[in-house]
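Trainee: One-letter residues, chain by chain:
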Amino acid sequence: QKEVEQNSGPLSVPEGAIASLNCTYSDRGSQSFFWYRQYSGKSPELIMSIYSNGDKEDGRFTAQLNKASQYVSLLIRDSQPSDSATYLCAVTNTGGFKTIFGAGTRLFVKA
Amino acid sequence: SQTIHQWPATLVQPVGSPLSLECTVEGTSNPNLYWYRQAAGRGLQLLFYSVGIGQISSEVPQNLSASRPQDRQFILSSKKLLLSDSGFYLCAWSVPGQGWAEAFFGQGTRLTVV
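Protein sequences appear in the order of chains A and B. The working numbering applies: residue 7 is where the first sequence begins, and numbers increase by one. The working numbering applies: residue 915 is where the second sequence begins, and numbers increase by one.
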């Protein structure tokens, strides 16, 4: 089992729709969870972090965490063409020494 | 504020040649440091991480090595490159401590082994 799993996509949504990205992880001791956005040819940039169960909202982005189910998700409301990118789910290991990334989900927002 | 510098941005090297990529962090002390590799169209693979000077943990057996000669300097090396070493190499840092460790990335080095 991979440590962090994501659907590779591509996920295609129309402009203005909600994009839903999902991630599962295997380390039950993980305490920190992140979503990164990576444009083609660029390095990943952090867009959301979440540490406790429930929802966390930041602008058009909402991260959701369910530790019992070992599940993290990212919702992007009012999707824009500029949101087209690969979204990487990342999880720290027990102890917080290292961050493990999923393979990423490619998102296409159609104008 | 903290910044991370990684160079060079692009590199083309012949098979069998050595490699040295350098990364430095400014504005923080004793950061956790990481080297990741991303093959074309793939996710990020953790290669090495370091929690302090001279402390290197290797995640994947390969012909690469890492060193941390100074607190905020992290170097990725190889004595002889393979074609399979081609990829996008990313250095990252995070604040040490349990419970939270956002990783912040450098601009990356795109390595092509020919």
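Keep in mind that the hints were calculated from the coordinates and are not lab data. Any given hint could turn out to be false.
Derived lysine-lysine pairs resembling BS3-like cross-links, with alpha carbons at most 30 Å apart [said to hold, decoys possible]:
| # | chain 1 | residue 1 | chain 2 | residue 2 |
| --- | --- | --- | --- | --- |
| 1 | A | K48 | B | K994 |
| 2 | A | K116 | B | K993 |
| 3 | A | K8 | A | K48 |
| 4 | B | K993 | A | K62 |
| 5 | A | K116 | A | K62 |
| 6 | A | K73 | A | K8 |
| 7 | A | K62 | A | K104 |
| 8 | B | K993 | A | K104 |
Trainee: Let me make sure I understand: some of the numbered hints might not hold for this structure. Which ones are they, in numerical order?
Mentor: Of the numbered hints, 2 and 4 do not hold.
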